[in-house]
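Asks: Heads up: the sequence shown begins at 198 in my numbering, then just goes up one per residue.
It should be emphasised that the hints constitute simulated quantities derived from the structure, not laboratory data.
Glycine residues also receive a C-beta, built at the ideal position from the N, C-alpha and C atoms.
Warning: the hint list may mix true and false statements.
Estimated spans, in silico, between C-beta atoms of each pair [to be verified]:
(1) Val218 to His243: 28 to 34 Å
(2) Asp221 to Ser242: 17 to 23 Å
(3) Ser242 to Arg219: 19 to 25 Å
(4) Asp240 to Arg207: 27 to 33 Å
(5) Arg232 to Thr210: 30 to 36 Å
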Amino acid sequence: MPTDPGTDRRTITYTADGRIVRSDRCVVALCLCRRSARYPLCDTSHRKRRR
Numbered sequence: 198m199p200t201d202p203g204t205d206r207r208t209i210t211y212t213a214d215g216r217i218v219r220s221d222r223c224v225v226a227l228c229l230c231r232r233s234a235r236y237p238l239c240d241t242s243h244r245k246r247r248r
């Protein structure tokens with residue numbers, strides 16, 4: 198199967214309210230706690246920081 202050189206490997210996610218979110222990563226995590234600065238993508242803001 199030939200691959201199209203113009204095809205990029207971005208992840209495209211459709212949210213419940215109809216927005217389209219694009220990411221350069223192959224795998225993304227969606228935020229369910231709404232604390233993320235990059236909502237609807239998770240940036241692990243919900244985790245407690247340990248030192």
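Asks: Could you run down the list of hints and mark each one as holding or not?
Replies: Each hint tested on the structure:
Distance hint for Val218 and His243: a CB-CB separation of about 19 Å, inconsistent with the stated range 28 to 34 Å. Between Asp221 and Ser242 the Cβ separation comes to about 20 Å, which falls inside the hinted range of 17 to 23 Å. Distance hint check: the CB atoms of Ser242 and Arg219 are about 21 Å apart, consistent with the given range 19 to 25 Å. A C-beta distance of roughly 18 Å is found between Asp240 and Arg207, which places it outside the suggested range of 27 to 33 Å.
Between Arg232 and Thr210 the beta carbons are some 18 Å apart, a value that contradicts the proposed interval 30 to 36 Å.
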